[in-house]
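Make a model of the complete structure from these sequences and hints.
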Amino acid sequence: MACIIAESFGAIFFRNAINLGLPAIELRDASKRFNEGDMVEVDLEAGKVRNMATQKAYPFPPMASLVLDILKAGGLLPFIGKTNPNNSPASYLRSALSS
Amino acid sequence: MGMTISQKILAAHANLQSVKSGDIISVQLDTILGNDISTFMALEELEKIGRPPLQAARNIILVLDHFTPNKDIGTAEQCRVLREFAQGAGIEHYFEGGRSGIEHALLPEAGFVVPGDLIVGGDSHTCTYGALGAFAMGMGSTDLAAAMVLGKTWLKVPETIRIKYHGTLGEWIGGKDLILYTIGKIGTDGALGKTLGVVLLGNMPL
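Quick note, the sequences are listed as chains A and B, same order.
Reading the first sequence from the start, the letters are residues 1 to 99 in this note's numbering.
Reading the second sequence from the start, the letters are residues 1001 to 1206 in this note's numbering.
Keep in mind the hints are simulated off the structure, nothing from the lab.
No residue lacks a Cβ here, since even glycine has one placed at the ideal position from N, Cα and C.
It is possible that some hints are incorrect.
Now the stretches of chain B that chain A is said to cover, found in silico as 3 or more residues with beta-carbon under 8 angstroms [as the list claims (entries may be wrong)]:
1) 1019-1031
2) 1049-1062
3) 1141-1149
Laid out in C-alpha cells, this is it:
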C-alpha cells in the first residue's frame, strides 16, 4: 500500500502510520471526490492530491521536511538508523541488554 | 488570526512565524523525559538500529521511578542497564533511589520546567507540565528513542478546547475534583489529540 487518504484519522493511528513509513493524508470530503477505480496522484512535497480521472487537484497541509524524510526512509526507525551512517555503535550500552 | 498558547509554543520551536491546527511540523525539544520502563523499551529500539549516538543527551532527563526501590532481580537488572546507559551516554540529569521520586513531581520541583517549554516524555502523564504553561505530551518508546537521538520530533498542531470555570469552590474541593468532573462531562476521549485551554473566572483559585 502506497498511501492512505481519508477525511480524518485517529491520533494514534496517524502517528503510527507515519512512523511506519506509510503516508496518511487527511483530505476534507475525500469520500465525495473520488469514485471507485479512479487513479490518484499524490505529491507529498507540494501537498497536493490529483484525481487523474477528473483532473481536479486538492491541497492538503504540506508536511514538515522531517516527516517527508521519515517517509522516504521507510519509517522512523530506519530514519534514525541513518543518522549513524558509519554504523559505529555509541558506547552507551557497555553491557548487552540481554545480560 | 491569533494563536493559542499551544500554537505559540509550537511555532517558536518549529522556527515558524505562525502555525495552525492540523499543520504537521518538526519541532526542537527543550526536554525529553524517560523513566525506567519507557527508556528501557527505547533502548531496545536503538539496539535494533546499531546504537546511534544521542544528539540530545543534555536535554534528556532520566528518572527511575517505577522500579525503584527494585522489587526483584529482574527490575534491579533493568535499572542497572539504565544506570550504565546514563553514564555511557553522558546523560547528566539522571535520578534514582534517594534522589528520585515520581517523575512528574520531580521535574517541576527541581526547576526543569518553565512556561513556554516544549517537552515530550515516555509516559502518558507527561501532559502534567501544561499546568506550568509548557506544551508537553507523552509518546511511545520508538518516538522517545527518536527524540533522544535527534533532539526533535514531529507532530500535528492540535486544536484547543477552551474550558471556562467560574463560581466558588466548596470546602475540600480542589483541582483534581474539577478535572474529574470535566472528564465526566466530555468523556475520557473527549479531548483526544487536542489541548485544553483552562480559563479561571471569578473566585476560582489557580
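Output the numbers, in ascending order, of every earlier hint that fails for this structure. Structure breaks no hint.
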